[in-house]
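S.K.: The residues making up each chain are set out below.
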Amino acid sequence: MKTTDSFGRPVVVVTGMGVVTSLGQGKADNWSALTSGRSGIHPITRFPIDHLATTIAGTVDFLPSSDKGASALTYQLADLAAEEAIAEAGIPTDDFTGPLFLAAPPVELDWHDRLALYASAKEEDGFRNLLANARRRRERDYFDASQFGTIADRLADKFGTRGLPITLSTACASGATAIQLGVEAIRRGECDRALAIGADGSATAEALIRFSLLSALSTQNERPEKASKPFSKDRDGFVLAEGSGALVLESLESALARGAEILGVMRGCGEKADDFHRTRSKPDGSPAIAAVQAALSDAGMSDSEIAYINAHGTSTPENDKMEHLSLSTVFGERMREIPISSNKSMIGHTLSAAGAVEAVFSLMTMRESVIPPTINYDNPDPAIELDVVPNRKREADIASVLSNSFGFGGQNTCLVMAREPV
Amino acid sequence: MSARDVMITGIGMVSSLGEGTDAHWQALTAEKPTPVLDCERFSPYLIHPLPGIDWGLQIPKRGDQRQMETWQRLGTYTAGLALDDAGVKDDEALVASMDMIVAAGGGERDQAVDQGILDAAMTRNDHDILLNEKLTTELRPTLFLAQLSNLLAGNISIVHKVTGSSRTFMGEEGAGISAIETAAARIRSGQSSHILVGAAFQTEHPDMLLAYELAGYLSRGDWTPVWQREKAEGGGVITGSGAAFLVLESREHAEKRGRKAYAAIGPVVSERVRRSRADLAEALTGMLESLPPRDGTIMTLSGASGAHAATAAEKQALSTAPGFAIRGFSSLTGHLKEAQFPFAIALAALAIERGHPYPVFDAENEQPLEGAPETVLATAIGYNLFEGMGLVTKA
Chain A
1 MKTTDSFGRP VVVVTGMGVV TSLGQGKADN WSALTSGRSG IHPITRFPID
51 HLATTIAGTV DFLPSSDKGA SALTYQLADL AAEEAIAEAG IPTDDFTGPL
101 FLAAPPVELD WHDRLALYAS AKEEDGFRNL LANARRRRER DYFDASQFGT
151 IADRLADKFG TRGLPITLST ACASGATAIQ LGVEAIRRGE CDRALAIGAD
201 GSATAEALIR FSLLSALSTQ NERPEKASKP FSKDRDGFVL AEGSGALVLE
251 SLESALARGA EILGVMRGCG EKADDFHRTR SKPDGSPAIA AVQAALSDAG
301 MSDSEIAYIN AHGTSTPEND KMEHLSLSTV FGERMREIPI SSNKSMIGHT
351 LSAAGAVEAV FSLMTMRESV IPPTINYDNP DPAIELDVVP NRKREADIAS
401 VLSNSFGFGG QNTCLVMARE PV
Chain B
1 MSARDVMITG IGMVSSLGEG TDAHWQALTA EKPTPVLDCE RFSPYLIHPL
51 PGIDWGLQIP KRGDQRQMET WQRLGTYTAG LALDDAGVKD DEALVASMDM
101 IVAAGGGERD QAVDQGILDA AMTRNDHDIL LNEKLTTELR PTLFLAQLSN
151 LLAGNISIVH KVTGSSRTFM GEEGAGISAI ETAAARIRSG QSSHILVGAA
201 FQTEHPDMLL AYELAGYLSR GDWTPVWQRE KAEGGGVITG SGAAFLVLES
251 REHAEKRGRK AYAAIGPVVS ERVRRSRADL AEALTGMLES LPPRDGTIMT
301 LSGASGAHAA TAAEKQALST APGFAIRGFS SLTGHLKEAQ FPFAIALAAL
351 AIERGHPYPV FDAENEQPLE GAPETVLATA IGYNLFEGMG LVTKA
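Top line first, the protein sequences correspond to chains A and B. With the working numbering, the residue at position 62 of the first sequence is 62, and numbering never jumps. With the working numbering, the residue at position 4 of the second sequence is 4, and numbering never jumps.
Think of the hints as simulated: they come from the structure by calculation, not from any bench. There may be inaccurate statements among the hints.
Unchecked claim - Computed, partial: chain B to chain A, Cβ under 8 Å:
| hint | residue |
| --- | --- |
| 1 | GLU138 |
| 2 | PRO141 |
| 3 | SER149 |
| 4 | ALA153 |
As the list claims (entries may be wrong) - Computed list of lysine to any residue pairs in SDA-like fashion (alpha-carbon distance at most 25 Å, straight line):
| hint | chain 1 | residue 1 | chain 2 | residue 2 |
| --- | --- | --- | --- | --- |
| 5 | A | LYS68 | B | GLU133 |
| 6 | A | LYS68 | B | ALA121 |
| 7 | A | LYS282 | B | ARG188 |
| 8 | B | LYS394 | B | THR142 |
| 9 | A | LYS226 | A | HIS51 |
| 10 | B | LYS134 | A | THR219 |
| 11 | A | LYS282 | B | LYS315 |
| 12 | B | LYS89 | B | ARG251 |
| 13 | B | LYS315 | B | ALA281 |
| 14 | A | LYS321 | B | ALA321 |
| 15 | A | LYS233 | A | LYS68 |
| 16 | B | LYS134 | A | ALA207 |
| 17 | A | LYS282 | A | ARG223 |
| 18 | B | LYS134 | A | LYS282 |
| 19 | A | LYS68 | A | PHE47 |
Unchecked claim - Partial list, derived from the structure: chain A residues whose beta carbon lies under 7 Å from chain B:
| hint | residue |
| --- | --- |
| 20 | LEU115 |
| 21 | ALA116 |
| 22 | ASP141 |
| 23 | TYR142 |
| 24 | PHE143 |
| 25 | PHE148 |
| 26 | ARG154 |
| 27 | THR177 |
Keep in mind the model is a prediction, meaning the values are calculated, not measured. Cβ atoms here follow ideal geometry from the backbone N, Cα and C, with glycine treated the same way.
Just chain A, with the same shape it has in the complex:
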């Protein structure tokens, strides 16, 4: 088997995958829920919902860290997904010996800790009181939770990854960027394998309020499982969610040499930044179009070779319209026939994790020859003519997938994956 691609670069394959979402822990549970069209969106119970316009989310509530704050939960989500991925790859779970790329949400001192710290003594006024109490109490846990490098450091410790771990944020494209960084490192010949993780456990009250104030969230609270309805006419925003996805990326040469099972191929990655607006996309969709084209060209493939699209499909009025526009521009008339579905209809928007979670589901789609549906597709948006695999899974022979990730700050990252090495 040829272990380099048409550009002479090492072929990068996936040899391990792990996932956690509101639908459950692990690939098996997630896949069975996804393919039966089950939603993980539910009423929020983690914090009171008084005064909130949105009272539903796809939070991960079943883990020991689920009520321990964003940093602790993000760590645990990353940890569980990575453990599943590394075990599947057949690599010792304490000696990964490749670099770590972690997509994670920005961290801040948790409000509960901030309040506790401020109230612990009142000797000075205002911020000086907070700083004085910090100085006196030296709460190492608070410190660790407010450092951006902590989660990756702990993961690196546990899994024995090599070197300085990279924590990154490209907003809602972060998970895809983590994979892209891993692919690039292997192609540069710096390593035989890399661990790419996207994890997000940051659904706090403040996070919800922030997105709410930007009118980004669905307020269809009455039936939580129906709120995320990508490409529907009555879609009104995304549903905030949590989760994690992890992938062991490996050079084909290394995977073959150690007889590892090849779960799929990372053919190409493409990105293009948008300079139009902080939250809105350029009206002509040109940056998203360029990102898709860059991914195809990096993969050495033409648009006719894409058999299925795993949509970013957030269920916001803006995203779905723009995604349709840009895909129609790239794929032309054929776009009406290419199946495209949004996992977010069931799991909500897992933010920093989304690109990695959805890459795992994209690879499973090819392996299982089953496309998970876009649920809640009851009122099609007539302006968006797409085969969204409505409401029910579909069996299909899929050899290659395009997965889109777009984020605030003009982030557009696309991945092209294939079932088998060429």
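Could you slot chain B onto chain A? The hints should help.
M.R.: Quick look at chain B alone, frame taken from chain A:
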């Protein structure tokens, strides 16, 4: 020499010492370089504050300025300085195809809203409901965007039209190290031809100090150089506001457009030393030994933070191994967190271009050096985690 050598063709820098390469060169080569300090605003902590900046010079639209808080403005402004310096600012095609890696923490929270919540919480017990009540009514919707880590890069795209790619690394000094290391590796391997890379840190907000002081890292009392803070009260770190952005190009790319480079980036090594178990000084010695051999003594722009353990370990490693004349620049700029390594690289490149070493910043702990520097070492050893160093060489 290779077509894919990593050339530094543009530098943007801002610190309490001023803005731009000239201001920094003058301040740092003055007979007796003196720090600019603000001892009052955040007492008992000292900070090195931002100089006066006319934001409009690099961020012409008032609307853009309003969408950002000071941290993002500082980064966007400094990125503009670097692009100007590299002569690419007005070349639409060049910036549209330019890649970007920004090392970032988070932006400023709304201090008044937060303080209101902290005070109100002293008189009631339903804190979670209080949070919902206050945050839903008092937060400015767009403030979220000014706080998001990747929105510094987002603003650089909007204001300067850098849109080839946009990646934001997080993780204190380590983020700045990885940003430079990754950018250089991408150019060296042919994955990119030109990249904007850098970081900004705005310390003039209580939360920015709190992030250090939660573990007692900040120094209190009078200013001293970073190497002399062991006896000072507190943890040894004095922070500063500042930023450094670099335009990196492959040699071929720079030559094609006839640009002279300040210097080239040589090997960069990074580490995650398990400090609770390993001896940091020993690990740093190992990193130093992994660098290619050189002749004589080289100037070393050290990003030592002043944090007691890490600074002592770095000092020990650099003084035990032969051939390093240390310059602890953070004595004068303060600790710039994510920007620490990019700033060290910028200062190293500047000295090579000017053909002159920096004088000692701390006569008791740094040795004088003569002659035009050809190779300079830049370091950033995290106050808490992560280590990096790299050689900057003559173009």
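S.K.: Hints first: check each against the structure and report whether it holds.
M.R.: Each hint tested on the structure:
| no. | hint | result |
| --- | --- | --- |
| 1 | GLU138 | violated (10 Å) |
| 2 | PRO141 | holds (4 Å) |
| 3 | SER149 | holds (4 Å) |
| 4 | ALA153 | holds (6 Å) |
| 5 | LYS68/A - GLU133/B | holds (22 Å) |
| 6 | LYS68/A - ALA121/B | holds (20 Å) |
| 7 | LYS282/A - ARG188/B | violated (32 Å) |
| 8 | LYS394/B - THR142/B | violated (45 Å) |
| 9 | LYS226/A - HIS51/A | holds (22 Å) |
| 10 | LYS134/B - THR219/A | holds (20 Å) |
| 11 | LYS282/A - LYS315/B | violated (51 Å) |
| 12 | LYS89/B - ARG251/B | holds (19 Å) |
| 13 | LYS315/B - ALA281/B | holds (8 Å) |
| 14 | LYS321/A - ALA321/B | violated (61 Å) |
| 15 | LYS233/A - LYS68/A | violated (38 Å) |
| 16 | LYS134/B - ALA207/A | holds (14 Å) |
| 17 | LYS282/A - ARG223/A | violated (33 Å) |
| 18 | LYS134/B - LYS282/A | violated (34 Å) |
| 19 | LYS68/A - PHE47/A | holds (12 Å) |
| 20 | LEU115 | holds (5 Å) |
| 21 | ALA116 | violated (9 Å) |
| 22 | ASP141 | violated (9 Å) |
| 23 | TYR142 | holds (5 Å) |
| 24 | PHE143 | holds (4 Å) |
| 25 | PHE148 | holds (4 Å) |
| 26 | ARG154 | violated (10 Å) |
| 27 | THR177 | holds (6 Å) |
When held up to the earlier numbered hints, the structure conflicts with 1, 7, 8, 11, 14, 15, 17, 18, 21, 22, 26 and fits the remainder.
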